[in-house]
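Please work from the sequences and hints to get the whole structure.
In my numbering, the protein residues as written are 1 to 128.
A couple of the hints might just be wrong.
As the list claims (entries may be wrong) - As a list, the in silico DSS-like pairs of lysine-lysine whose alpha-carbon atoms are at most 27 Å apart:
#	residue 1	residue 2
1	K53	K17
2	K53	K120
3	K53	K73
4	K16	K73
5	K120	K16
6	K73	K17
7	K73	K107
8	K73	K37
9	K17	K107
10	K107	K25
11	K37	K16
Hint data in this document are derived by calculation from the structure and do not stem from the laboratory.
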Amino acid sequence: MFAQIVIGSNDVLAAKKFYDAVLSKIGVPEGNFDEEKQRIYYRTSDSAFIVTKPNDGGPATVANGGTLGFNCKTPEQARAFHDAAVANGGLSIEDPPGWRNLSADRKVYLAYVRDLSGHKLCATHYPE
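Written out as structure tokens, the structure reads:
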């Protein structure tokens with residue numbers, strides 16, 4: 001559905017270290033840093049995740065009520081994403097990583113963290 005998602009950061013180099021560690025847990029290659037634009041590009045075959053200094057020169061802020069969800073192939077991969085985020089300066093938030101019931105017959109594994117700029121991330125695994 002999404003071609004790209006772009007978020008702001010006030011410290012792009014620190015964000016690169018954070019996201020390189022976290023996204024590697026779900027098979028995303030190391031980000032490409034564009035020094036001139038102060039942007040990091042993480043690309044997969046069908047989408048891009050971009051971390052950048054805001055174009056308007058103002059400080060980066062977070063979306064109140066917004067969450068960026070990242071698909072994980074297994075619960076273990078979601079937990080590794082979470083743990084890498086915390087080990088690299090992120091903050092574990094909400095309930096601990098684990099299974100949540102969506103309905104009586106459907107569940108999902110979720111692991112929530114905040115990145116270095118305060119963006120809310122969720123490592124998500126839906127069983128087949």
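So, going through the hints one by one against the coordinates:
Taking the CA atoms of K53 and K17, the gap is about 15 Å. The hint holds against a cut of 27 Å. Proximity of K53 to K120 is assessed by CA-CA distance (about 18 Å); at most 27 Å being required, the pair is judged to hold. Between K53 and K73 the CA atoms are separated by roughly 31 Å; this puts the pair beyond 27 Å, and the hint is violated. For the given pair, K16 sits about 23 Å from K73 by alpha-carbon distance, which is consistent with the 27 Å threshold.
The hinted pair formed by K120 and K16 meets the criterion: a straight-line CA distance of about 16 Å does not exceed 27 Å. A distance of roughly 23 Å separates the Cα atoms of K73 and K17; the hinted pair therefore holds under the 27 Å criterion. Between K73 and K107 the CA atoms are separated by roughly 14 Å; this keeps the pair inside 27 Å, and the hint holds. Between K73 and K37 the alpha-carbon distance is near 33 Å, which puts this suggested pair outside the 27 Å criterion.
This hinted pair does not check out: K17 and K107 have alpha carbons roughly 32 Å apart, beyond 27 Å. At most 27 Å may separate the alpha-carbon atoms for a hinted pair to count; K107 and K25 meet this at roughly 22 Å. With a C-alpha separation of about 14 Å, the suggested pair K37 and K16 falls inside the 27 Å cut-off, and the hint holds.
The structure fails to meet hints 3, 8, 9 from the earlier list, while all remaining hints are met.
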